[in-house]
Amino acid sequence: MKVSLEWLNQLVDIDQSAEELAETLTRGGIEVEDVENLNKGFEKVVIGEIISLTKHPDADRLLVCVVNVGQEEITIVTGAQNLLNGDRIPVALVGATLPNDLSIRKSKLRGVVSQGMLCSREELLLDDTVGLDRSADGILILPSTAPIGENFGHYLGREDSVLDLELYPNRPDCLAMVNVAREVASLTRKKPHLPKWAEPDQVLSLPIASDLRIVIEDNDLCWRYAGLVVEDVHIEPSPEWMQRRLKAAGVRPINNIVDITNYVMLEMGQPLHAFDRDKIEGDVHVRPAYPGEQLVTLDGVERTLHKDALLIADDRQALGLAGVMGGLNSEVTKDTRRLMIEAAHFAPVSIRRTSRRLGLRSEASNRFEKGINAYGIAASLGRVCDLLQDLKAGRPVSFVDEIKNLPTRRQVILSTEHTSTVLGIELGVSEIQQVIEDLNFEYKESDGLFQVEIPTYRSDLEIEEDLMEEVARLIGYDRIPTTLPQGDQTQGRRTPEQEFRRRLRKTFTQSGMDEVMTYTFTRAESDAQWGSAKHSIPLLNPLREELGVMRTTLIPGLLDVAARNVARRNMDVSIFEIGNTYWGDEHPLQKLPREELRAAGVAVGKSERHWLEQPVSYDFYYLKGILEGLALEFGLKLEYRVAESQSLLHPGRSADIYVQNQYVGFLGEIHPSLGKEWGLDRAVVFELELAPLFARIRQTVRAHSIPRFPAIQRDMALVVAVETSAEAVMAKMKKLGGDLLQQVEIFDVYTGNPIPAGYKSLAFSLRYQSLERTLTDEEVNLLNSRILEGIQQEFGAERRK
Amino acid sequence: MWLITKLGWYRENRLSSLSRGGSFCVLSGTSGASVGQGTCPLVPEKDLERVICLKSEILRIREEALRELSELDRPEALQELKVKVLGKKGSLTAMLRQMGSLSPEERPIMGQVVNEVRSQLEQAWEKRSAELERIALEQRLATERIDITLPGIRVPRGHYHPLTQVIEEIEDIFLGMGFQIAEGPEIESDYYNFEALNLPKEHPAREMQDSFYITEEILLRTQTSPVQIRTMEKLHPQLPVKIIAPGKVYRNDDDATHSPMFHQVEGLVVDRGIRMSDLKGILLNFSREMFGESREIRLRPSFFPFTEPSAEVDVSCMLCGGSGCRLCKGTGWIEILGSGMVHPKVLEMGGYNPQEVTGFAFGMGVERIAMLKFGIEDMRLLFDNDLRFLQQF
Ligand SMILES: [Zn+2]
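Going line by line, the protein sequences match chains A and B. 139 is the number of the first residue of the first sequence in the numbering used here; add one for each residue after it. 19 is the number of the first residue of the second sequence in the numbering used here; add one for each residue after it.
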């Protein structure tokens, strides 16, 4: 809502600057988004008169003008050719910054000092409503009555400022100047001076039209419909003051009749529409459109109407889309002699649907959507009558007012004590009384209980708490002290699961992985590839097609991030994400889907080069190492099994991950053909379901004592077939070694000369230790060779010499 | 020649002075005189002669040892020399064995001489050893020089996403004030996301939030506020309810200041006698912990369907302190969250009786706070995940 300060000032006394008033309103709950000074760019532009025009001594195409700008005469050099002595023209003085951002400075043109600039219409960004015909060729020539020395903006009536209100949905009343004035009056403790029609219950003393009948066919979609019949209509432009106010509010002036309807809408908040009375045949019907019904709207577009569009029609045809746009067939033209001016209530839902569907939104539809005051309908027509008479635009003769439904009038009880308690401010009865009086609400009070009559224009005030807010905002939110809740003290603590997620995130970052956050909606194809198309949930209205489904896996999002980074030459990527995946069990969804938390990672490239160390390449073993660290951190035993029927991962470099025989995720290098698709060479990925991991994490640690007897170490290097898994060998060793074999670790893996092709060398370090005694070399040697024999038999291994 | 001189001197002193500490230096004074490598010709006929001969041999050994000691430059050679002289088969030890031929009166005197020399040599050794150690240490320190400006071994360090950092910081502040962390589904029903929050169908305020729908009744939550209802349903009639609910929310919007997916932290306190001033107190505490000790807050009237009265909360600008700058657009204040007293209908929906309890609620945008905190200008950077951006945090 754009509020002209000049207009507002007529409705309520304002003793603040535009900026101060904006602050008052904002602190009072009516947010002012912007204060626009309409004179901007004209501050140093004045009206001047040309006293003399002479040729520039050194330049044929330039003229030297002496200009009277009121207080003084100044010299200006110009190239304009349309000037005559005695012309009145806009002069930009030194220091001016024009609306087109041109700054004016003192300058010398071929030796002659120029103290300003004569302005053309373009430089002032003006339309053609001022100036004489000669202006077309150059400098704007003003009428000879233009007062010399006056500020040019003021001459154009631009001294006004406009406040742009950003209204919350609960305050549609402030889409009317009278209610903004009421608001200002309440906040600044003034009495507003409103037209009498601002009281919604005013009675319009006109005869009931005998020849006009209103038929409301749906009481829910239209509560009230009133029509004012006007005769002796005289169409002409509206007066300058009205045009100026309309323009300040962002409404284009058209003619006196249209301008009056718009003016009253801005003033009273009630949208109005003028029909050519002589184009209406029979009764006026308010009804939903017939299937396939058509209407040519005022913009000349023929529209096929949806069946729930609400129409204004006569006995024959549709005359307009209720609350949205009139029809061409009943438009007011310069030949119009009789009018019917409509003031009505239409249901917000219906108007919203129609205006959305047709992409037609206007000041009128906006007000209907937010809800208008059905009580004020007749009063707004009263205001129209006054203006028609003031402007001599027509003669109101009769009216009809069909009322089907009105909202109930409300009384709300406000308790001084309760208000003090809820706000936390000690308030006296008189303070609350003052607020209600400042609001201009009727009330009765006894024992600190106020019974408040809610005016019909304040549809937002329904319960006591609503009035508490009125109290708080009028006395100022700054009056609220700062206290702390007095109740029982509580202990804040993360749940074990929240703590688990937090530690998990820490484990990944401490392993050197960067955390990323990706959108949870993704491309359907990629999600189907890595996740489950059967379970993925499509959005009805995605932002873009490639963000069309809720993810069932984190992998594609991470691969996108990795690919984007690599494309930007961030070649070495090691990232993870912890986030939800979303699993629908039916389509369309009947109940809320499962949200399953997962952790996933992608790594490609290698660690940075370092002068002391070899870079670590981000491969299978890199990520596996990180997952092993994770397992250690949480006391989990992760098992890696050769991946079965995995088409997305490299068949020789991928593993399924199990915990206690439950599948929890996978780890592997992405399949070379997929890597190519993504532009990633040898990227490795993992994904883990977190619920089964969380269910199995170590809850408590039971400490073992430090062994008292020394350990004996033996190394064992073996040559085995390449496909032999190191884990199997170690498992066998542990089995053979029994309790005395405390630990087996692999410390070297080697292929190549002199190991024959098809074989590899594995070197293990075995630690023997007893908890009861010191082991002898002999018994360790014996055990060690038993293990060696066993391994040789089981795996066909050879001892490497 | 020097033997004769020594003999004369020996006679006068009966060797006794050797047992006195300090006289050794007199002997040492003569050590400059050089004698060949030859051994003392033993003259067995007379004790005295033998004594003198033995004595001179001992002194020779001493002189020899001291000379070698001074020439030594390796600590290992020190030990070799020690063995050579003082060891079981050392030259000085050999002297002791020869004493058998001396008379019982002379023996202790000679023994004393040997021991005397032995301890002198040991002291000299120790001194030389310390000296050598010092020299070695000096040499080691002089040669062991590294370029301390070279980078150290890298311990891998990943980065938390800036939003995670902000969420955890907010969580920690409220945990410290006794709040629990509650959670709710991101895919929500129309009921929890709107209706139970006093936003019936066709309520104009629904327009403030363009929602992503899955079906007519199921959508991506547009706010964390549904967690208010879910928490109250779960906890009632327990009091107090004191939770925050961080999480992802979704709105159909995408530009420099809006992302279709973003994060909010919701807060809810319900108890007997909760006042709007309590809301102000809690949020002042939060703002000071989050944005600095000297921050102030102010409340402005606002509108949310699920709170009444409602307030927008501004915090004094963390960049200029309130005098006005580019960040706060000259106002000195920055809007950080929405809040209010829980609407009675919402308390009822959650199962509480609004006649008995009151509550306050608030909600803040995590992205906005992260942008303020880290000086990020474009919200989209937070989800672009460029490593050059992420690795700054
Ligand atoms: Zn600032």
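Read the hints as simulated data drawn from the structure, not as lab findings. Mixed in with the good hints, there may be bad ones.
Here are some, though not all, of the chain B residues that point toward chain A, as calculated from beta-carbon distances under 7 Å [claimed, not checked]:
| # | residue |
| --- | --- |
| 1 | 152 |
| 2 | 172 |
| 3 | 260 |
For each label pair, taking beta carbons as the anchor points, the in silico distance ranges come out as [said to hold, decoys possible]:
| # | chain 1 | residue 1 | chain 2 | residue 2 | range |
| --- | --- | --- | --- | --- | --- |
| 4 | A | 430 | B | 255 | 54 to 60 Å |
| 5 | A | 390 | B | 255 | 20 to 26 Å |
| 6 | A | 555 | B | 312 | 53 to 59 Å |
If you want the ones that stay clear, here's a sample from chain B, every Cβ over 12 Å from chain A, calculated [what the hints assert, rightly or not]:
| # | residue |
| --- | --- |
| 7 | 102 |
| 8 | 124 |
| 9 | 133 |
| 10 | 170 |
| 11 | 173 |
| 12 | 177 |
| 13 | 199 |
| 14 | 269 |
| 15 | 294 |
| 16 | 303 |
| 17 | 328 |
| 18 | 363 |
| 19 | 393 |
| 20 | 395 |
| 21 | 409 |
Keep in mind that this is a model prediction, so the values were computed, not measured. Backbone N, C-alpha and C define an ideal beta-carbon position, used for all residues, glycine too.
Consistency of the no-contact label for residue 294 (chain B), given chain A and a CB cut of 12 Å: Per Cβ check, residue 294 (chain B) is inside 12 Å of chain A; nearest 5 Å; violated.
Residue 260 (chain B) as an interface hint toward chain A, with CB separation required under 7 Å: With a minimum Cβ separation of about 5 Å from chain A (threshold 7 Å), the hint on residue 260 (chain B) holds.
Verdict on residue 363 (chain B) as a residue remote from chain A, using beta-carbon distances over 12 Å: Check fails; 9 Å does not lie beyond 12 Å.
Non-interface label on residue 269 (chain B), tested against every C-beta of chain A at 12 Å: 10 Å, violated
Beta-carbon spacing of residue 555 (chain A) to residue 312 (chain B) - inside the hinted bounds 53 to 59 Å or not: Because 36 Å falls outside the window, the suggested range is violated.
Outside-interface status for residue 170 (chain B) - nearest CB in chain A farther than 12 Å: The claim breaks: residue 170 (chain B) does not keep its Cβ more than 12 Å from every Cβ of chain A (closest is about 9 Å).
12 Å Cβ clearance of residue 173 (chain B) from chain A: Residue 173 (chain B) not clear of chain A: closest Cβ-Cβ about 8 Å, inside 12 Å.
Assertion that residue 102 (chain B) lies outside the chain A interface [Cβ separation over 12 Å]: Per Cβ check, residue 102 (chain B) is outside 12 Å of chain A; nearest 38 Å; holds.
12 Å cut-off, C-beta based - residue 133 (chain B) kept clear of every residue in chain A: 44 Å, holds
Satisfaction of the hinted span 20 to 26 Å by the C-beta atoms belonging to residue 390 (chain A) and residue 255 (chain B): The hint (20 to 26 Å, Cβ to Cβ) is violated, given that residue 390 (chain A) and residue 255 (chain B) are roughly 60 Å apart.
Outside-interface status for residue 393 (chain B) - nearest CB in chain A farther than 12 Å: Non-interface label stands for residue 393 (chain B): nearest chain A Cβ at 19 Å, farther than 12 Å.
Restraint check, 7 Å cut-off on beta carbons, for residue 172 (chain B) near chain A: Since the shortest Cβ distance to chain A is 6 Å, the answer is holds.
The earlier numbered hints that this structure contradicts are 1, 5, 6, 10, 11, 12, 13, 14, 15, 16, 17, 18 and 21.
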